[in-house]
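S.K.: Residues per chain, in single letters:
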Amino acid sequence: MIPAPPVEGGDAPGGIDPRVRLAAAIGFSAATAAWQRPAGILAALGFALGLAAFFRLSPRPLLRRLLAANGFVLLLWAIVPFSLPGEALVRLGPLAASREGLALALAITLKSNALVLALLALVAPLPFPAAGHALHRLGVPGKLVQLLLLTWRYLALLEQEFHRLRRAAALRGFRPRTDLHTYRTFAWLLGMLLVRSVDRAERVRRAMLCRGFRGVFLSLHEFRLTRRSLAFAAAAAAAVVASAWLELAG
Amino acid sequence: MAAEEPLVALRGIRFGYPGAAPILEGLDFALGGGERVGILAPNGSGKTTLLLLIMGLLRPQAGEIRIFGEPRRAEADFLEVRRRIGLVFQDPEDQLFCPTVLEDVAFGPLNLGKSRAEAAAVARRTLAALGLEGFEGRIGFKLSGGEKRLVALAAVLAMEPEALLLDEPENGLDARTRLRLVEVLERLPIPQAIVSHDIDLLTALCDRLLTLEAGTIRDVDGEALHRHLHVHRLGDRPHRHGLPG
Chain H
1 MIPAPPVEGG DAPGGIDPRV RLAAAIGFSA ATAAWQRPAG ILAALGFALG LAAFFRLSPR
61 PLLRRLLAAN GFVLLLWAIV PFSLPGEALV RLGPLAASRE GLALALAITL KSNALVLALL
121 ALVAPLPFPA AGHALHRLGV PGKLVQLLLL TWRYLALLEQ EFHRLRRAAA LRGFRPRTDL
181 HTYRTFAWLL GMLLVRSVDR AERVRRAMLC RGFRGVFLSL HEFRLTRRSL AFAAAAAAAV
241 VASAWLELAG
Chain R
1 MAAEEPLVAL RGIRFGYPGA APILEGLDFA LGGGERVGIL APNGSGKTTL LLLIMGLLRP
61 QAGEIRIFGE PRRAEADFLE VRRRIGLVFQ DPEDQLFCPT VLEDVAFGPL NLGKSRAEAA
121 AVARRTLAAL GLEGFEGRIG FKLSGGEKRL VALAAVLAME PEALLLDEPE NGLDARTRLR
181 LVEVLERLPI PQAIVSHDID LLTALCDRLL TLEAGTIRDV DGEALHRHLH VHRLGDRPHR
241 HGLPG
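From first to last, the protein sequence lines are chains H and R. Position 219, counted from 1, in the first sequence is what this note's numbering calls 219; the numbers after and before it change by one each time, with no gaps. Position 11, counted from 1, in the second sequence is what this note's numbering calls 11; the numbers after and before it change by one each time, with no gaps.
Keep in mind the hints are simulated off the structure, nothing from the lab. In this text the structure is predicted, and so the values were computed from the model without any measurement. Be aware that one or more of the hints could be misleading.
[Unchecked claim] With a cut-off of at most 16 Å between alpha-carbon atoms, the simulated EDC-like pairs for lysine to aspartate or glutamate come out as follows:
1) R:142 <-> R:91
2) R:114 <-> H:222
3) R:114 <-> R:160
4) R:142 <-> H:159
Only chain R is shown next, with the shape it has when bound in the complex (with noise of 0.2 Å):
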């Protein structure tokens, strides 16, 4: 793999649902090692769909994906894709499916060839890492809605994965659960990419913006330098707004 190719790089993707028109068309991404990557979509604008591209859950109707230096277009390439990069899905719900808390963190680790006993242990520590001691024999859908995100993590970061793919990870938490989930972010020495309409996640967390519109994604360079008017209650007492995260 060449030193300065990116991890993940697509190019003139079109990718369209079945009697809809193309939601993707000529989109071009790239995720290198060490960044944070934003990508500011409203809704419906294809970021799910961008990020199933890449774990070769949908194939394109054209263009180019190549990951870790080699073009990707079967499905037997896309299996060491899936080992290496972690997605977490938008709903904890769907990536939740085991009877308890620990055997949904030790699946990964188990289907990649783990013993129990190694299995166990990574998920163990996982769980500790992301401050979840005591959760392994909850039952998944008895989790609070924050809990289930983190739990969805866990399992996804149980793999050891080499890049992150986050779809809308702030979906449903409150103010302390997120603030959690980006310290959790920060701390991880992995590239990531994350998808999300929260333009104040994504610039709390990102090195990079991109927007994904009309099907295609766009840098966004530079700050634009720009000032609210807002009122709340109280606004007329000394006070101070801090950004989230």
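Chain H on its own, in the form it takes in the complex (with noise of 0.2 Å):
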């Protein structure tokens, strides 16, 4: 017998609803992206600091990831502060920085760290499967979720595929160069996956009827608010009103 280790955390890791997780994630995303002042903005820095805390992320790969995203802040760093119009604070030849782009600079990095740490700690452990049903459970149309469910599926077979025909085109000594026959190789190649996918698709979807489908995906999963998941839920939203009278005093 092949041994079947179980799905990584369960369907509700750190023990909090994954419709919680996401309505949490969805509530702070959208106060975050709102806040305009210092106070509003640092406050849901510390709420997402103390997101990370709670759910233990682990340090190392945290730093991994919030390096990638800081590459992305870097880049408004170059140019944010030149095109803003307003008081000039520091000249590069021609170019000059204002206070009023130097500031809006900071804020974007301070928001979309707090913005990538929440998202890490609330989104980023749920199983992909248990994410879908929490949308669909939270208003996200059921084709949508259905869509999502399918690409993720068939996307680690499509990529299988992709590698097939690569590998192929490798061993007829086929090597990507800068040139008219390299693009024309990849078009088929890529012509070849969609053919490929859409003959894939017509026969999922055919075994999709012979097991009785009939348009609608009924689930398996049942979600149980647990006490846990609760007082979770009312402290999250106790934490993003809080930043919102900061904000809104401050």
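Hints given; two lone chains; assemble the complex.
M.R.: Following this line, the structure appears as structure tokens:
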């Protein structure tokens, strides 16, 4: 018998219902995106750090992911301070960095780090199927959830198929270069991948019809709101409200 | 339904894909109660097409399909057929589209109107019957080829079909998984039609053998006594040859 390892963490990692995690992530993201003042933004960042601590995210992978996200932020620092009109603080030859521009770049940096932290804590640990079904329960249309889950299910297969095709090309001496032959070959590979995917989609549709599919995806998932999840939801709501208060009063 | 009428009866079927000569022409086929029919068919002979016609996923250009004693023509006629006959696809990858094994096996029962608890119970029972306990939470695309095949079979059997159609079920299986598949199929008390180009599998399993060639099905009656000469290593030592399955 082949041993069957359990799905990592189960449907509710950390004992928090996936719906609560997603709802908290959505609420937090909307609030953080809206806040303009330092108090509100700092409160959001504090909350995100609190989340990372609460879910005990291990620091090393966390830092790696934050670093990746901040690569984009770095680009903003190269552009935003110099493109916003206002009181010039720093001059670099003909370019002047404005106080308003620097403040905006700083705000974006803090906000995006808060968001990435919160999403890594709330959403990233969710098993994909549980996240899909939780989205459905939160009111995301069934068809979208179906698309999401089927995409996730078949992505690996598509990738395999692509690598098979590439290997087949490589075995016949194909080496990518910057020339027309390369572009044409890749176009063929992609075209072939598309044709195979359409074929596969048709076969999957048939398999679904054979098992009585009538257009509605029924799901086995049942979520239960535990006391821990409810307490977490209340705390998250309170934190968002507190940051709103800081934003509006500060 | 008349007592002697077969479960599945095809008469004078013609089918061709657009822009090609008909792949099936004047095909007759019947599957009766309790028998296991093997259809020996080379690649490209239309064996998958035949199974898709029975399930109503393709429509014949000529001929008659009667299933469970009723003529089947329109999509609506075939909805009942799909509930009562199971088809195991050639590529289990096509059949396993749910995130986890349990959801895949429960997909059919849920569509048949069972409650979540009932569907999950049927799915667990079916998995256990195939020796797949503990697979419930596993991710469909991370299974091995043989596991996928067995889970796909479980997904079909969970609908408690009255007949089973199998499209090259031995495809891509190693000797052990193949043996297990043969055991499972032998134990199943429902009529089965197995389409394959594997003579050993069909002779090991089936009561009746047919061939699908040049668009039509022919009976293979009687057995032909014959002898093979063969060579292999250690052939000079005393040894036995067992039939697979």
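S.K.: If a hint holds in the structure, say so; if it doesn't, say that too.
M.R.: Hints and how they fare:
1. R:142 <-> R:91: holds (15 Å)
2. R:114 <-> H:222: This hinted pair holds, its Cα atoms lying about 15 Å apart.
3. R:114 <-> R:160: Holds - the C-alpha atoms of residue 160 of chain R and residue 114 of chain R are around 12 Å apart, at most 16 Å.
4. R:142 <-> H:159: Distance ~14 Å between residue 142 of chain R and residue 159 of chain H Cα, so the pair holds.
Checked against the numbered hints above, the structure violates none of them.
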